[in-house]
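**Student:** Taking the hints into account, I'd like the entire structure generated from these sequences.
Chains F and D, in that order, give the protein sequences.
Position 358 of the first sequence, counting from 1, maps to 358 under our numbering, and the rest follow consecutively.
Position 269 of the second sequence, counting from 1, maps to 269 under our numbering, and the rest follow consecutively.
Worth flagging that the hints you see were computed from the coordinates, not collected in a lab.
The beta carbon of each residue, even a glycine, is placed where N, CA and C say it ideally should be.
A couple of the hints might just be wrong.
Some chain F residues near chain D, calculated using beta-carbon distances under 7 Å [unchecked claim]:
1. T32
2. G48
3. R49
4. A126
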Amino acid sequence: MADDAGRLEPGGGEQRGGDVERSVLPPVRRPTELERLADWFDGRTGFGRYARMALRKVFPDHWTFLLGEVALFCFVILLATGVFMTFFYTPDSRPTTYHGPYAPLAGAQVSAAFESVMRLSFEVRAGLLMRQIHHWTALVFLGSIGVHLARVFFTGAFRRPRDINWLIGVTLLLLALAEGFTGYSLPDDLLSGTGLRIAYSAALSIPFIGPWLASLIFGGEFPTLELISRLFVFHVMLLPGLLIGAIGTHLLIVYVQTHTQYKSRATREDNVVGLPFWPGQVFRSVGLLFLTAAVIALIAGLIQINPVWLYGPFIPYAVSSPAQPDWYVGWLEGLLRLGLPFEPTILGVTIPSPFIPGIVIPGILFTILLLWPFIEARATGDHAEHHLLDWPWESPIRTATGAAGIALFLVITLAGGNDVIGVFLNVPVETLTAILRVLFVVLPVATWLLIYWLASSQRRRRAAGADTSHIRAGGVAIRRTATGGFEEIDAIEGDAD
Amino acid sequence: MNDRTTERPERMRRSAPGDRQEPDPPPLAIPENPMAERIVGAAFVAALLAGFGLLGVYLLGGQTQVEAILLTICLGGIGAGIIVWSQALLPNRIVSETRHPLRSEPDEEGGVLAAPAITRRTMLIRLMAAAFAGLGAALAIPVFSLGPAPGRDLFVTPWRSGLRLVDDQGAVVHRDQIPMGGLLTVFPDGSPGSADGQTLLINVGAGLLQVAPDRLSWAPEGFVAYSKVCTHAGCPVGLYRASLHSLICPCHQSTFDVLRGAVPTGGPAVRPLPQLPIKLQSDGTFVALGDFTEPVGPSFWNIHSGG
Ligand code: FES
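**Tutor:** Shown next, in the form of structure tokens:
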């Protein structure tokens, strides 16, 4: 890690003298092409001083900080493959006859949208690969957002001043869910049509405003001819625009606030310890981008996803069973399946059965998630700034609550697949649903109690004997000095006990 | 954070009025102007009323011109109110500020890019560039999916030997439909409305054409057929001046002489409109003797060598 190669002899700047001759070019070596280009740009914009600050930004050296990066890279892949597919996709519900090479559907009445997806899948070179990469990446995108969120939650990284970025992050999750759902619906196949039908009914179930809201969103009573073109505008314009804006803000705030860091001997609340962005971290990140893309390409090329030709075109009076949505929508579907047959009419106002499981409970869950930093600050009375991360055992209540949330998510996601599980276990779906209804209440509570007990006993044990195992032995850390340079932190060296 | 204060002292001072190095600027005087206040208020009220008026018009069924006027008053009231506010009621003081050199200060570590750590490994840099070149080559697959190979598409039209000449509705064309000096847009049977097959059938009268003898046989009894696609930039050549026997393209005024094989006599077009070989049948209808012998429409790089 000795960085001598990166240092040049000081003092070269004086020999050149003269304000006009000032340049960011290194004084001793002959500048490389890249440096000359940077200098050309700097002489016209003064961009160098900002680039220097950005390139020296300190990155934490811990793998858990890469989870958010994976989500970012997935977004990049989604944009690239999405643009490609836009060239071939027809956002049109109008009926047409299928004449493509896929024999089983020959002569079938399909929508123009479905027909264009079939053409993309069977007749465009690399079309199926792009589609499958896009779909698989969407799954990984939502997954990496979820794991990143869990890391931020369980380490308390959302505390002030980063509560603002938590708000943006949860918004990003919502946007990503909407983006996934709208994209999933665009092929206009039987499965996605069913999903839209349910979404329409959920919107319709809201008391007082439901019929108006559903009509405004879907352009009339389901299914409408406007639906596909509307979803298309949402999927390729509005939602990506919002996502790009929110991601940019998210990153800008990370940049301005600097990263959090795990507790160690070198880290304090008032310093930032890690590796500078350039060059090492840039190399690592670009490498990670390509590895992410490589893994997704492998999965997408080998494992079929969303074979719309097997589902067939959307027909309002047909449904496929078992009907499975993408994993990140399964919990919403599961809530509807667990919902009780309860539809009271109070003073002439009917509360439709899907309202509570489909709208109220997701609304409550997301509100708690969104407001968690403020709920926790209110409960603990801790409104101070935090830059050092907690280990999960250091805050048993938070950790237990997060674990209970994960347990709840698992139960309702399982409920979303109760038909598949029922067939697999040879258990009637009704029995399974009854069991899952019980688990819906019992499992989160049991998880909460168990994790709380584990975390508190761990905390007690740690408090008894100070633990230093998390400090790497023999590592070299660099600290950014007040003048913008770097110095090694000696405290870490030879710390092996 | 520290270098910000050393790098941009001027700007820091300006944005922090309480800075010790400069005396506090005098407190800004807020202009008094009751008249302007009334004007601003009136503009905002007009906007409010127009906005609700617009809602009313919409509920009553809508009327485009009234809607436009009310929308103009609503938007204009807001805009005018804010402008008058800024001009008459805000403190407007001209300030002068030093212009700083754009170029960044030299770096004590030599270069923004900390390049030596990377540039020392010349071989690896080249190999990395090669790897990216490989990726670029792989990305050619999706790029080439965007459209078919041009192939011979540009060199052929739907015209084939024996195809009858029909109009844009697909009805067979008869010689009686075209009086002397008249013309009709015709298509090959089976492709009415074809973009590259569109052809002008002109009755110039026998004996007037001055084209090569073989081409003369393509124009029976003074009925001559030329491609309607302009050889300049592809517009349909839509105007015919019968007295001058010239076809004129409305897009950039290229003019083609019908009597002399549709050679361009004016405007930016260079190539003549290709002539379609046709035959007049005994029943007064026409058939094509083949496709055009040269590409129709605008030129492209291998138009003369690729055929
Ligand atoms: S296209 Fe006919 S003159 Fe330009």
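**Student:** Going back to the hint list, which numbers does this structure go against?
**Tutor:** Failing hints: none at all.
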